[in-house]
Amino acid sequence: MKKKYSYLLTTFLFLIILSSCKSDDDDAIYIPTPEPEQVSPVVFDLTAVPYDTLSEYNFFDGDLKNQTPVYGVLPYEPINTLFTDYAHKKRFVWMPNDVKATYVEDFKTLDFPTGTILIKTFYYDNVLPDNTTKIIETRLMIRKESEWIFANYIWNDDQTEAVLDLTGGTIDIDWVEGSITKSTSYRIPSETECLVCHKVSNTPTPIGTKPQNLNSLFSFENGEINQLEKWNSFGYIDNTNLPNASQIETVVNWKDTNESLDLRARSYMDINCAHCHIQDAHCSYRPIRLSFNETSNPDNYGECVVPDENIDNSLTHVVSPARPNRSVIYYRMNSTNESVRMPLIGRTIIHDEGVALIEEWINSLTTVCE
Amino acid sequence: MKKITLLLFISLLTFCFSFAQDSNSCAQAAPITPNAIYSVAAVDGTPSGTSCIDAIIANNAEWYSYTPTSDVSATITTDLPASNGRDTRIQVYTGTCAGLTCQGGDDDDASGFLSTYTFNATSGVTYYIVFDNRWESLGFDFQLTEAPIVVSPITFTSSFLGATGQYKNCVVDMNGDYLDDIVTVDANNLNIHYQQVGGGFTATNIATTTADDVPSWSISAGDFNKDGFNDLLYGGGTGASFIASNATGTAYTVTSNPEYIFSQRSNFVDINNDGHLDAFVCHDVDPNVFYLNNGTDNTLVYNQGGLGDSPTGGNYASTWIDYDNDGDVDLFIAKCNGGGAAASARYNELHRNNGDGTFTDVSVASGLYDPVQTWSSAWGDYDNDGDLDVFVGASSFTDGQHKLMTNNNDGTFTDSTPGCGLDTFTGTSTEHITHDFNNDGYLDIFTANNTIMLNNQDLTFSPVNVGFSVGAVGDLNNDGFLDVYNSNNFIYYNDTNSNNWIKINTQGVQSNSNGIGARIEVHTTNLGKQIRDVITGNGFRHMSSLTTHFGLGTETAIIKVVIKWPSGIVDEILNPNINETLNVVEGNFLDVAAYSLGSKLIYPNPTTDFIQISDVNLNNATTLIFDINGKRVRNYAIQNNRINVTKLASGTYFLTIQEGNNLFKNKFIKK
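So the sequence lines, in the order shown, correspond to chains A and B.
For the first sequence, the working numbering gives the first residue as 548, with consecutive numbering after it.
For the second sequence, the working numbering gives the first residue as 282, with consecutive numbering after it.
For the record, the hints were derived by calculation from the structure and aren't laboratory data.
Beta carbons are placed, not taken as given, at the ideal position from N, Cα and C, and that holds for glycine.
Fair warning: there could be bad hints in the mix.
In silico negatives: residues of chain B with every beta carbon more than 10 Å from chain A [as the list claims (entries may be wrong)]:
no., residue
1, Ile337
2, Ser354
3, Phe441
4, Gln654
5, His804
6, Ile950
Label pairs and their computed distance ranges (CB to CB) [unchecked claim]:
no., chain 1, residue 1, chain 2, residue 2, range
7, A, Asn844, B, Asp637, 52 to 62 Å
8, B, Asp607, A, Thr750, 36 to 46 Å
9, B, Asn469, A, Asp645, 32 to 42 Å
10, B, Gly648, A, Leu764, 35 to 45 Å
11, A, Ser732, B, Val432, 31 to 41 Å
When you get a sec, could you build the whole thing from the sequences and use the hints?
Pasting the structure below:
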């Protein structure tokens, strides 16, 4: 029975190939001719980038502001994203022909080939007074031969072009988030500010593009596909050492209340805190380690750890179980003071939902500190 | 029968007693006796409406009263078995229910989140012991025990100020009366508590235009526009703003600079020694920046480079001091940088002023090139041997420990940490400052864990927990003992002792307005010579008084005070009064009569190569030459009692010769 089925299948496939070949005016009907390979229309000259304007790259079809990617520019989204004053983001990846990223570890960013471009556009919806969408900036990380470089493109008011500017700046935005009007002095980072977070051992690095963050379904044009599988099938990742999706230790979506509080909090801290609080990063001299693969050990997230810096005598520990008001991590997340708030840069207002999560999580902890 | 009546009477009395005094308000405070254990069922009474330990007012409290029958050291503790796992707070007041005065209190000094508070209680005085529910309302046990009076080497009394500005980091004189004021800041407002002559403060709000930057990372003060009133610098997360006084110190103009700076410690200092204050800002993630005063309209012009150029920054606290006793300000940078082995920017730096506006990096040669992660260091002459030592305080022990480096007076430093008491001190802090808090004539170190390390006068230090953390330091009641204004909005007044003191205000004329960078010496018989440099911006975040304070211990007289101004002028004040403030205007203690000596002193004039001065031995004098703009020049030499000016550019110069207390000034022309 099984054999017969397999025979039928083979016949069926043969017929398909045959029929597809029939459309070609070709006599060699047994050798399928590959479709002419589609070429990405992205304009890329490693020696000339960063270009002066975003449009020069030709990442997008049609109106630039619609951010409709051309062939080769793949949209993606990490499972969790950094909170940046409620800005929305669209992300894309592009690589030159015949090169691929390689897997390193679940918790390490993919090793991208020279020429890779990571594209991230920051925008707000329902921007007042007219409830419009306003794109603020598109940040690129471009993998040059020696290391990554940063290129930031600031959008014009007409939303028709974005111009290279690495000096940073501030822009006031009022918008409606849900039903609440919010305001921020949105900070566009300078090149130096980019490096504050995007570095390990003082070498520039991407943050979000770790297998643990990409191992999720994403709605592509032809349906939902696991992002790593999509990158694999598209030729953007080398599958020789890429584990199966089920074998990758993956973060949970911190908003998913079906997941445990512990996993949600650790996943939240991973994307919002771990870029600085890991070995050899910006704040590596502090004892906490907040990457997802390290926070299974409570010492690393600072449970019962006395803080190095005394902000207030009542803050007894980095994380004081069941006592958010005694916990530095909660206090800092709940502050807008530049020298107190965490993350240090990237936000100017409080992430209410994130604070609520961390409060609930701390309240759930039961260890008794010495 | 009689016995039964008495018993009934006592029972009734007890009943009435406990009924009347339910501990739920001040009026109902239940008297307690030493050693008995009391159980609080729940914290649900009337709150005191204040807190003696922070600015947080709890919703409910329980009240007890205690009246010792002799002078004792009383300790209240909730650290008893039945309190296990609870989170308590203690406040202690004196006075009456209508007018309570804070004695003090504690939150967490016992195990876990329990509390213990020890204070010296006076016989017959009633103390109100209040437990509040800032953290929780659950019940617990407590006990009061008595012990013989213990005299702590240094104590402070707290007083809530109620300043309204968000940033509470600044103690400095703002209205030119040389009394320290308290400045709290919002982006569009200065909330200033002016210290009054008779004590106390008067609060004033002065609205400003909105500064782009707020002093979240640091604040500095100095009179950069040289009008007699201090101006401010706000070091913010993305830049620096300057707040300049008007001519009467009653309004301020904000200038927010466009340059991106991840500010850390900032200072006002006359970097190029032209008599006008410049501004320096440590950059966390880029080379340091500084703003040079153009000296005409006091515009501060942005510069970057040459004063700590690590590409990835790591600059946390700059201190401008004269480590090599050559009369100009050098720059030490306390550094911190993540990144592991790659973090070369974490090594501390020392930049020697070459005297001509250039600096040489002598970090390695000096022995201060150290990877310890530090956010601030405390420079002072800890052993009173005439040169400045440094306590490099660790913010983290990841890359090294606290270090006490003593100055060898030859450009190098010796690690004197082992056995000094700071080697075994395990607290870490971003703030480390030095002052003489007990006026014994030796500099102490205020560091982590609410601890002042008192100088034992032998390069060792002993910790005293004062119950509050580093803040802005000044004399906030003008009693000659240093007080602290903490960002929790409390003033901690020094409880003083019998030691003597002197405070000195420096008003520059040729030098910058505050005399920042001046070296002050105080000579006394037994303590010898004490020295301080006038600095802005010590520690990491705060601005402390620009009045220079010296403790004198039991010295009852001062032989002399010597002020070596950045201009090179030296004022000597013989036998000034102790326990007073000495205000010195630059040059005012020189022999004024000597000014009238005529041009015949200098010959030839004009000159091409040499100047000679009649009747002056240049080897015993201080010789200074200023250009027409008042900027000091140095490219001359003294040879054979003549001044070699061959290297000076053509032009008009002012020559100043100081011999003892005589100052000679003359113009000369270099052809």
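Comparing the hints with the structure gives:
With a closest Cβ-Cβ approach of about 8 Å to chain A, B/Ile337 is found to fall inside the 10 Å limit, against its non-interface label. Every CB of chain A is more than 10 Å from the CB of B/Ser354 (nearest about 22 Å), matching its label as outside the interface. The claim that B/Phe441 is not at the interface with chain A holds, since no C-beta of that chain comes within 10 Å of its own (minimum 15 Å). Taking the minimum C-beta to C-beta distance to chain A, about 4 Å, the non-interface status of B/Gln654 is violated against the 10 Å cut.
Annotated as non-interface, B/His804 keeps its C-beta farther than 10 Å from every C-beta of chain A; the closest such distance is 38 Å. A cut-off of 10 Å between C-beta atoms confirms that B/Ile950 is not in contact with chain A; the least separation is 48 Å. Distance hint for A/Asn844 and B/Asp637: a CB-CB separation of about 56 Å, consistent with the stated range 52 to 62 Å. Hint check: B/Asp607 to A/Thr750, Cβ distance near 41 Å, so the stated range 36 to 46 Å holds.
For B/Asn469 paired with A/Asp645, a C-beta distance near 58 Å fails the hint of 32 to 42 Å. Here the CB-CB span from B/Gly648 to A/Leu764 is close to 59 Å, at odds with the stated 35 to 45 Å. As the Cβ distance of A/Ser732 to B/Val432 is approximately 53 Å, the hint placing it in 31 to 41 Å is violated.
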